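Please take these sequences and the hints and turn them into a complete structure.
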Amino acid sequence: MIHASPPAPPLLSIEDLRVAFATRAGTVEALRGVSLAVAPGESLGLVGESGSGKSVTAFAAARLLDRAGRITGGRIRFRGQDVTRLSAADLRDAQGSAQGSAIGMIFQNPRAALNPIRPVGLQLADVLRANGHSRAAARDKALAALEAVRIRDAARRLDAYPHELSGGMCQRVMIALALAAEPALLIADEPTTGLDVTTQKTVMDLVARLTAERGMALILITHDLGLAAQYCSRIAVMEAGRLVEEGAPGALFSSPRHPYTARLVAASPTPTSTLADLTPGAPPPPAPARPNPPAGTPALLEVQGIGKRYGDAAAVEDVSFAMREGESLGLVGESGSGKSTLSRLICRLIDPSAGEILFEGGSIGAIPARDFHRSPLRRAIQIVFQDPDGSLNPRFSAFDSIAHPVRRLTELRGEALRRRVIESAGRAGLGADLLGRFPHQLSGGQKARVGIARAVAVRPRLLVLDEPTAALDVSVQAGVLRLLDDLRREDGLAFLFVSHDLNVVRMMCERTVVLQAGRVVEAGDSRDLFQAPRTAYTRELLAAIPHFRPGAAREPAEPVA
Amino acid sequence: MTTLAAGATLRHAAWILRGNPLTAVAAAGALILCLVAAFSPWLVPYDPVASDVSVALQPPSAAHWAGTDQLGRDLLSRIVAATRLDLAIALSAVLLSFAVGAVIGAVCGYAGGRLDRVVGRVVDVLMAFPLFVLAMALVAALGNRVENIVVATAIINLPFYVRFARAEVNVRREAGYVEAARAGGEGHLAVVLKFLLPNVLPAMAVQISLNLGWAILNAAGLSFIGLGVRPPTPEWGILVAEGARFITTGKWWLVAFPGLALMLAVLCFNLLGDGLRDILDPRMRT
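Residue numbers (UniProt numbering), protein chains in the order written: chain Y, 1 to 561; chain H, 1 to 286.
Take the hints with a grain of salt, since some may be wrong.
[Claimed, not checked] The calculated SDA-like cross-link candidates involving lysine to any residue, where the alpha carbons are at most 25 Å apart (straight line), are:
#: 1; chain 1: H; residue 1: Lys194; chain 2: Y; residue 2: Gln441
#: 2; chain 1: H; residue 1: Lys194; chain 2: Y; residue 2: Arg374
#: 3; chain 1: H; residue 1: Lys194; chain 2: Y; residue 2: Gly390
#: 4; chain 1: H; residue 1: Lys194; chain 2: Y; residue 2: Arg413
#: 5; chain 1: H; residue 1: Lys251; chain 2: Y; residue 2: Ile422
#: 6; chain 1: H; residue 1: Lys194; chain 2: Y; residue 2: Phe396
#: 7; chain 1: H; residue 1: Lys194; chain 2: Y; residue 2: Leu442
#: 8; chain 1: H; residue 1: Lys194; chain 2: Y; residue 2: Leu158
#: 9; chain 1: H; residue 1: Lys194; chain 2: Y; residue 2: Asp371
#: 10; chain 1: H; residue 1: Lys194; chain 2: Y; residue 2: Ala322
#: 11; chain 1: H; residue 1: Lys194; chain 2: Y; residue 2: His440
#: 12; chain 1: H; residue 1: Lys194; chain 2: Y; residue 2: Arg459
#: 13; chain 1: H; residue 1: Lys194; chain 2: Y; residue 2: Glu15
#: 14; chain 1: H; residue 1: Lys194; chain 2: Y; residue 2: Phe438
#: 15; chain 1: Y; residue 1: Lys141; chain 2: Y; residue 2: Leu158
#: 16; chain 1: H; residue 1: Lys194; chain 2: Y; residue 2: Lys141
#: 17; chain 1: H; residue 1: Lys194; chain 2: Y; residue 2: Arg420
Don't read these hints as lab results, they were simulated from the structure. Quick caveat, the model's predicted, so the values are computed rather than measured.
Written out as C-alpha cells, the structure is:
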C-alpha cells in the first residue's frame, strides 16, 4: 500500500496494537487492536474505566511494559520510525540523541515514583547529566526546572527529600523530572489521582502551560471525563482493550455515538446531574420512610464543639452540627481538613479531646472508645470505609464479613443469622452465589457492596460513609450511590456522607458542611451552598472541579497566574 | 465444593513449586527429616547405645555404612536416632518463641505508646548479647536439662518474632477491616487476636522455617560444649564433639557424618524458608 505523505506526520502512531499478558490463568489479551495517532503538540485524552487498557497502551508506546506483557501484533511508530521491537534504551538512543529524549512520563503516585532516599535536586541532576549536561550545569538546570514547575523557594527544595514535600509538590517534581530531558511527548498516567481538587487544578494547569510553551504533545490518561474534556483537544474512549470512539470533547460528550461512551457520560456526575440521571432506566426511588418526628424530639446526632488533638496539632477543632433522623449530611473538605478524624470520632472509634457528642440526646462522647463496643448504641452507628480492598479481612469470606457484626451485635444465630446476611447482601446488590468468595476473588464494586451490606446488616440508625465510592469506576459508583440512596429512603437511615467529590455530595445530601483545617467554614442546605457559596474557600473548591458540559465547546486551560 | 477447593490449592502449590525447584527439593528434604525423626526406632540397623568393642573405630563398610565409634556403636544408627531429639528440641523451642513472641509483638504493634517502647528496649537489650553466650548462660543457670535447652533457645529466638509481629501488625492496625471489626463490636484485644494475628501468621511461618535450622545448630552447639544433652544419648552435637577427639588420628567419619547430617538439616530448613518467603512475597526475591 502506498501512502501519500500527509501534511503533518504524526509524532506517535499506533496501528492495530495487540498486547497480551501471561498470567497463571493463561494469556490475557489487554489490547485487541488499538489504532491511534498523536500529532506534534497535540493533547490527547485517553479515557476509560479500570481494565480498559488505557495505561497498557501508553506503557507499550513508552516501551515500559513489564516482562509478563508482550506485543503480539501491530506497530508503533515514533516520528515515522518503527519502534515496536525496540527496548526503552534503544528508543532513547535512536530518537533521543539529536532531538532530546523521546517520551517522558508522569505516574499516578508521585511519592512512589521518586527515590525516597535521594534529595529531589540530585534526582533531577541525575536525569540532566544522563542527557549530556555537565555536573556543574546540572544543578543550575535542576534549579531552573524546579522554578519552571513553580515550586516556591526552589533553591531550598533542591535539598529536600520526597517525604518532606506534599503530594502536589512531589507531582511537580515528577513533572520537572519528566520534562528535564525535553521529551517530544509527555504521557501523564492519572497524574492527579489522590490529589485534592485545588491541587489537581494547579498541577494540570501547569502541565497544560508547559506542554503548550514547549510544543510538546500530551497524552493524558484519566478516568475523569471532566479532566480530559478540560485539558485535551481530542479524546479517545477505550473499553476492554479496544478504542471505541474518538473525537473532540464537545462533540464526543454531547452526542456520543458508541453506547459505552454514552453510558460513561451518563454515569459521570456533573454540577447539575441528579441520581436519576446517573442510572437511567432504574425504577424511581422509593418514598422516604421517614416519620415526621414530633416537636421537641432531640436530634439524632448532635456534635458540640468537638475537637481532637494529636500532640500539638489539632486535627479537628471546635466543630458543631446536628442531624435529624433520616437526614443525609455531607461532609466535604480537602485532605487534612479533618473529615476522616471527625467521622471516626462520631463512630466512637477514637476519643475526642474536647466537646460533646450526643446521640438522641444522650451523651456518647463520654464513653471511652475502647469500651464503646459493649454499648447498646454500637449497633446504631455503623460505618462504610473508603478502600474496599483494605476494609475486608482477607481471611473472611464475604458471608463471614457481613455476618461478623450481626453475630457480635444481635441475638440472631443459625438460620436466622444466615437469612439476615443473605437479605442484607441482596439489598446491597450482592447475589447469594458471591457470598462464599474471598475478597481477592471479588471486584472493587463487589467489595464495596460487601462493606455496605456489613454496615446495614445490623440495622443501624446512623451510617457514616467515608468516601464510599472514591476507589470505584464511575459506572460502578453510579450504581452504588443509587443503592445507598434507596437504602436510606427505605430504612429512614441517617447518612453522614464524607467525600471530597462535591458533585457526589450535592446529589446525595440534603445539607452540607465544609471543613478546612479541622474547622467548619460553611454549612447549609446543599442546593444553596453549591449554587451560591458564601465563603471564598467553598467557591475555590467548586471552581476547581473539572467539568464537562455536554454541548459546550472546549474551554482552553487558563495559564497559571 | 471442598474437593474442588482442595484440588485448586494443590494445583496452586504445584504451580509455585515448578517455579522454585530448589524449594521443592528442600521441602522434600525437610519431609524426609521429619519422617526419619518420627520412625527412627524402626529405621536404625543397630541399637544406637549398644557398644561392641570388638568392632570399635571401624571405617565405613557394608555392615556399618557410617562406621563405628570408639565403643563400637554403629554411627549411622546413632545419627538416625539423634534426628528425633534434635528436631524435637528445635521445633518445640521455635514454636514456643513463635507463640509467645507473636502475641507480645502483636499487642505492642497494635497498642504502641509506652508499652511498645519498653518492650522494644527490652528486646534490644536481649539482642545486644551474643546470643549463643546468652543461651550458654541460661542453660548453666537454669540447670543442665533438655527442657532448659528448649527454653534458652526459645528466649534467644524471641526478639525476632516480637519484632516481626510488631512490624506486621503495626502496618495493619489502621487497615479498614480492623476499624470495621471494632464498629462490628469487637474490643481491642479481640481485634488483635481474631483479626490481626491470623493475617500475620503466614508471613511468620516463613520465619519458623528459617529459625528451625538455626535452632538445630544452637541445640547441637550447646551439647557440643557440654551443656544440655549428655552422653551417651545420641545427639548430633555430642556425636561431633566425641568424634573431634579422634580427628587427629585420621578417624574422619566420626565427625564427618554427624556434621553432614547437621549441615543438611540446617540447609533444608533455610532453603525451605527462603523459598516460602519468595512464594509469599515475590518482591523479596533478589
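Quick rundown of the hints versus the structure:
no., hint, in the structure
1, H/Lys194 / Y/Gln441, "holds, 22 Å"
2, H/Lys194 / Y/Arg374, "holds, 17 Å"
3, H/Lys194 / Y/Gly390, "holds, 16 Å"
4, H/Lys194 / Y/Arg413, "holds, 19 Å"
5, H/Lys251 / Y/Ile422, "violated, 74 Å"
6, H/Lys194 / Y/Phe396, "holds, 11 Å"
7, H/Lys194 / Y/Leu442, "holds, 23 Å"
8, H/Lys194 / Y/Leu158, "violated, 47 Å"
9, H/Lys194 / Y/Asp371, "holds, 17 Å"
10, H/Lys194 / Y/Ala322, "violated, 36 Å"
11, H/Lys194 / Y/His440, "holds, 20 Å"
12, H/Lys194 / Y/Arg459, "holds, 24 Å"
13, H/Lys194 / Y/Glu15, "violated, 54 Å"
14, H/Lys194 / Y/Phe438, "holds, 17 Å"
15, Y/Lys141 / Y/Leu158, "holds, 11 Å"
16, H/Lys194 / Y/Lys141, "violated, 55 Å"
17, H/Lys194 / Y/Arg420, "holds, 23 Å"
The earlier numbered hints that this structure contradicts are 5, 8, 10, 13 and 16.
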